[in-house]
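Undergrad: Spelled out, the chains give:
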Amino acid sequence: MTGNKSKPNPGNHGGIRDDEYVPLEGGTSLSNLIGKLLQKPLSIVHELETGNISWRIHGVLLLVSVVCLSVFGFVVGTFSWGNQLWATPLKIVSGLIFSALICLPSLYIFTCIGGLKAKFSSVVGMLCAIVALSGLLLVGFAPVVWLFSVSSTSALFIGFLLLVLWVICVGFGFTLIFRAGKAMGMTNTGHLLVWCMIFLLVTVQMTTTLRPIVGKSDSLFNFGEKKFFLQYWSEQLQQATDGRSDD
Amino acid sequence: MNPTTQNAIALCRGDNGLLADWIGAARTGSVRCCLLLIALGCGTYGFTVGLRNGWEMGAYVAVKLPLILLITLLLNGLLNGLLGLVVGSGIGVRKSLQFLLVGVAIMAVILGALSPVSFFATLNTPSSGDGSGGYAWHGASLLMHTLLIAFAGIVAHARLLQHVREFSDRSRAGTVAFFAWLAGNLFVGAQVSWNLRPYFVSPGLKVEFLRDDPFNGNFYEAVWVAIKNVT
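So the sequences go chain by chain: A and B.
Take 67 as the starting number for the first sequence in the numbering used here and just add one per residue.
Take 690 as the starting number for the second sequence in the numbering used here and just add one per residue.
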């Protein structure tokens with residue numbers, strides 16, 4: 067038998083396995099960081115906190131994010147083809163990076179309030195790790211999205227599917243940040259929960275701000291008409307329902 | 690007894706040693722063996738499903754049933770591996786694909802074993818084009834095969850869950866990974882089967898390998914429309 071079951075870890079605190087918050091092995095190469103991001107993400111956080119500030123890890127994580135989100139965006143763009151093939155990846159990459167940027171100050175402050183004595187560069191790295199991990203998972207979903215994009219006729223369905231996938235992927239990112247916070251001695255994670263809600267809200271609103279990301283449109287952007295995402299989605303749902311009932 | 694048959698029986702018995710060798714890549718040819726079992730088991734069963742509408746449809750379904758499973762595994766392969774790693778099971782892309790191939794192979798063996806029963810049922814069922822009662826027989830056939838395939842799937846995956854838990858770094862992570870794979874495969878599998886329809890050929894429709902517009906619409910849109918029509 068090659069499988070081995072988990073054994074009780076005397077170093078466990080609050081369900082967090084301290085054995086994962088260990089120095090990063092294997093260097094900061096692209097392949098090693100991707101592997102560690104998936105399997106031992108806390109070792110990256112450990113390196114960010116205890117290693118020299120070289121910003122190399124941040125750069126690699128950012129590169130992973132941009133490449134993965136571009137690939138995913140291109141696949142999403144195949145639903146509409148035309149200009150959307152390049153506009154969708156551009157919107158997804160720029161929208162997510164902009165969302166991360168505007169949420170970075172609040173993340174740092176909230177981690178401080180929660181009792182975390184982390185360097186600012188570590189918090190930046192954690193945010194990069196969230197986006198990179200979400201991007202990697204989205205690439206995993208890309209074949210599924212492609213299947214539905216070539217089969218579906220409804221932009222609403224694809225939009226809803228993408229939202230669900232985004233929530234799943236960013237959920238793994240949030241789990242990472244909670245684990246990192248606890249492993250680094252955060253005493254109160256309630257503030258992180260609030261930040262997660264804010265980040266999710268910002269990213270979802272960004273999809274409405276940068277619309278249309280799915281489906282065709284005369285203009286690439288629609289900044290003139292300001293809408294909250296709930297209002298926009300309810301209008302879209304209403305239109306789809308009315309359209310169906312007319313058939 | 691030839692090696693493929695021996696492996697099929699060992700899989701059904703839950704032989705951990707065989708699976709350990711396969712997952713550890715200590716024994717080569719496991720993928721070939723699984724593919725052979727899937728082609729034979731699902732192909733045979735698929736043939737008996739389509740046979741109700743003639744030899745041609747039987748051949749079509751014999752090809753399409755294994756294809757659904759393999760395409761689903763391919764589309765979800767990367768995702769399943771990433772999910773396995775992220776939840777902490779330690780099962781990556783290759784191993785997750787291997788596990789799921791084994792699960793589908795077990796399902797194929799069960800379906801293959803049920804093929805004679807399905808064949809007998811088909812022999813006693815009028816084809817879709819035969820006179821009155823066509824819809825009733827069509828519905829009965831659809832229900833029977835859905836139940837048999839569901840049964841085979843549940844038994845195979847219950848066996849697979851034990852293996853995944855044992856091979857995972859942490860038992861609980863193995864369970865989470867398994868159900869994540871299952872959810873993804875069900876979600877995508879439904880759509881792939883929708884794209885590759887028809888299988889049972891509704892009364893009034895012609896026998897063909899694929900519909901004229903296989904990529905027009907998706908499974909979930911169709912369910913939504915159906916619900917709207919009912920309400």
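In case anyone wonders, no lab produced these hints; they're calculated from the structure.
Mixed in with the good hints, there may be bad ones.
What the hints assert, rightly or not - Computed Cβ-Cβ distance ranges for the label pairs, DEER-style:
id, chain 1, residue 1, chain 2, residue 2, range
1, B, Gly-893, A, Lys-293, 42 to 52 angstroms
2, B, Met-833, A, Lys-282, 52 to 62 angstroms
3, B, Gly-893, A, Phe-244, 53 to 63 angstroms
4, A, Ser-283, B, Ala-847, 29 to 39 angstroms
5, B, Leu-836, A, Gln-304, 54 to 64 angstroms
6, A, Glu-91, B, Ala-847, 47 to 57 angstroms
7, B, Asn-813, A, Lys-293, 36 to 46 angstroms
Said to hold, decoys possible - Listed below are several chain A residues computed to face chain B (Cβ distance under 8 angstroms; list not exhaustive):
id, residue
8, Gly-206
9, Phe-207
10, Ala-221
11, Phe-287
12, Gln-302
Claimed, not checked - Mimicking DSSO-like on lysine-lysine, the simulated pairs with C-alpha atoms at most 30 angstroms apart in a straight line are:
id, chain 1, residue 1, chain 2, residue 2
13, A, Lys-185, A, Lys-102
14, A, Lys-292, A, Lys-282
15, B, Lys-917, B, Lys-895
16, A, Lys-282, B, Lys-917
17, B, Lys-895, A, Lys-293
18, A, Lys-185, A, Lys-106
If you're wondering where the values come from, they're calculated on a predicted model, not measured in any experiment.
Here a beta-carbon is modelled for each residue, glycine too, at the ideal position from N, C-alpha and C.
Undergrad: Which numbered conditions among the earlier hints are violated in the structure presented, ordered from lowest to highest?
TA: 2, 4, 5, 6, 7, 10, 11, 12 and 17
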